[in-house]
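J.: Sequence:
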Amino acid sequence: HLLLAKQVGVPNIVVFLNKEDQVDDAELLELVELEIRETLDKYEFPGDEIPIIAGSALLALEALTENPQIKPGDSKWVDKIYNLMDQVDAYIPTPERETEKPFLMAVEDVFSITGRGTVATGRVERGCVKIGDTVELVGLRDTKTTTVTGLEMFQKTLDESVAGDNVGILLRGVQKTDIERGMVLAKPGSITPHTKFEAQVYVLTKEEGGRHTPFFP
1 HLLLAKQVGV
11 PNIVVFLNKE
21 DQVDDAELLE
31 LVELEIRETL
41 DKYEFPGDEI
51 PIIAGSALLA
61 LEALTENPQI
71 KPGDSKWVDK
81 IYNLMDQVDA
91 YIPTPERETE
101 KPFLMAVEDV
111 FSITGRGTVA
121 TGRVERGCVK
131 IGDTVELVGL
141 RDTKTTTVTG
151 LEMFQKTLDE
161 SVAGDNVGIL
171 LRGVQKTDIE
181 RGMVLAKPGS
191 ITPHTKFEAQ
201 VYVLTKEEGG
211 RHTPFFP
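Here UniProt numbering is used: the first residue of the sequence shown is 1, the next is one more, and so on.
Source of the hints: derived by calculation from the structure; they are not laboratory data. Worth double-checking, as some hints may not be accurate.
Stated by the list, open to error - Just the calculated beta-carbon pair ranges, DEER-fashion:
| # | residue 1 | residue 2 | range |
| --- | --- | --- | --- |
| 1 | Ile70 | Val32 | 22 to 32 Å |
| 2 | Ile131 | Leu2 | 39 to 49 Å |
| 3 | Pro102 | Leu31 | 43 to 53 Å |
| 4 | Asp89 | Glu180 | 34 to 44 Å |
| 5 | Leu17 | Thr143 | 41 to 51 Å |
| 6 | Thr65 | Pro11 | 28 to 38 Å |
| 7 | Asp74 | Ile191 | 48 to 58 Å |
| 8 | Asp89 | Glu30 | 17 to 27 Å |
| 9 | Ala90 | Val32 | 14 to 24 Å |
To be verified - With a cut-off of at most 25 Å between alpha-carbon atoms, the simulated BS3-like pairs for lysine-lysine come out as follows:
| # | residue 1 | residue 2 |
| --- | --- | --- |
| 10 | Lys144 | Lys187 |
| 11 | Lys130 | Lys187 |
| 12 | Lys19 | Lys76 |
| 13 | Lys176 | Lys156 |
| 14 | Lys19 | Lys71 |
| 15 | Lys101 | Lys144 |
| 16 | Lys130 | Lys144 |
| 17 | Lys19 | Lys80 |
| 18 | Lys6 | Lys206 |
| 19 | Lys101 | Lys196 |
| 20 | Lys196 | Lys144 |
| 21 | Lys144 | Lys176 |
| 22 | Lys187 | Lys101 |
| 23 | Lys42 | Lys206 |
| 24 | Lys19 | Lys42 |
| 25 | Lys176 | Lys187 |
| 26 | Lys130 | Lys156 |
| 27 | Lys187 | Lys156 |
| 28 | Lys130 | Lys101 |
| 29 | Lys6 | Lys42 |
| 30 | Lys176 | Lys130 |
Each residue gets a CB set at the ideal place from its N, CA and C atoms; glycine is no exception.
Model the full assembly from the supplied sequences, consistent with the hints where possible.
T.: This is how it looks when you write it as structure tokens:
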């Protein structure tokens, strides 16, 4: 997981050491934490700096299930989850959103709403989009122009969506068959589809849980 996180460009992480309840030896926990920090260093994460919180997700869940109104200080295991989230807030910086750039969203899923039209869902990569904006549907098929007639995030209607939002965008005059995962919605004229591109590929080794045989004999 650390290797994959590094390859996809995850800049910061916080570690949760689960199943602490199954270990009685404090020295063993310290040894495991030391090994984790060495592994973090191996994959070029700052092992000495990254917060590592030990706890038990199962016991925390059981405590919350038994008492949904539980408060900080009532359960050792729930407090560890609170501590985890505090460390995430403190250590993980808020990502800088590219709100000034032209709108772009990769389509992750598509569905139809009877009587309303087709909705494309995804995460806004950059820029912003408003109801009434004209956007282009780019990739896989001929580029198509459409209009945004609705925006929704977590079952709430929006007038505008910005970079970082996970939204559903209702599109005028677009059939479900016109759009699929892998296509993008973008500001008209801001991008064009390409059939040739350069990419960097990292192939996992056998030891890393990847291929056991070569691509070519």
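J.: Take the hints in turn and mark each one as holding or not.
T.: Hints and how they fare:
{"no.": "1", "hint": "Ile70 with Val32: 22 to 32 Å", "result": "28 Å, holds"}
{"no.": "2", "hint": "Ile131 with Leu2: 39 to 49 Å", "result": "42 Å, holds"}
{"no.": "3", "hint": "Pro102 with Leu31: 43 to 53 Å", "result": "51 Å, holds"}
{"no.": "4", "hint": "Asp89 with Glu180: 34 to 44 Å", "result": "37 Å, holds"}
{"no.": "5", "hint": "Leu17 with Thr143: 41 to 51 Å", "result": "49 Å, holds"}
{"no.": "6", "hint": "Thr65 with Pro11: 28 to 38 Å", "result": "34 Å, holds"}
{"no.": "7", "hint": "Asp74 with Ile191: 48 to 58 Å", "result": "52 Å, holds"}
{"no.": "8", "hint": "Asp89 with Glu30: 17 to 27 Å", "result": "25 Å, holds"}
{"no.": "9", "hint": "Ala90 with Val32: 14 to 24 Å", "result": "23 Å, holds"}
{"no.": "10", "hint": "Lys144 with Lys187", "result": "12 Å, holds"}
{"no.": "11", "hint": "Lys130 with Lys187", "result": "11 Å, holds"}
{"no.": "12", "hint": "Lys19 with Lys76", "result": "13 Å, holds"}
{"no.": "13", "hint": "Lys176 with Lys156", "result": "22 Å, holds"}
{"no.": "14", "hint": "Lys19 with Lys71", "result": "22 Å, holds"}
{"no.": "15", "hint": "Lys101 with Lys144", "result": "21 Å, holds"}
{"no.": "16", "hint": "Lys130 with Lys144", "result": "18 Å, holds"}
{"no.": "17", "hint": "Lys19 with Lys80", "result": "12 Å, holds"}
{"no.": "18", "hint": "Lys6 with Lys206", "result": "18 Å, holds"}
{"no.": "19", "hint": "Lys101 with Lys196", "result": "24 Å, holds"}
{"no.": "20", "hint": "Lys196 with Lys144", "result": "21 Å, holds"}
{"no.": "21", "hint": "Lys144 with Lys176", "result": "13 Å, holds"}
{"no.": "22", "hint": "Lys187 with Lys101", "result": "10 Å, holds"}
{"no.": "23", "hint": "Lys42 with Lys206", "result": "18 Å, holds"}
{"no.": "24", "hint": "Lys19 with Lys42", "result": "24 Å, holds"}
{"no.": "25", "hint": "Lys176 with Lys187", "result": "20 Å, holds"}
{"no.": "26", "hint": "Lys130 with Lys156", "result": "14 Å, holds"}
{"no.": "27", "hint": "Lys187 with Lys156", "result": "23 Å, holds"}
{"no.": "28", "hint": "Lys130 with Lys101", "result": "14 Å, holds"}
{"no.": "29", "hint": "Lys6 with Lys42", "result": "11 Å, holds"}
{"no.": "30", "hint": "Lys176 with Lys130", "result": "21 Å, holds"}
Checked against the numbered hints listed earlier, the structure breaks none of them; every hint is satisfied.
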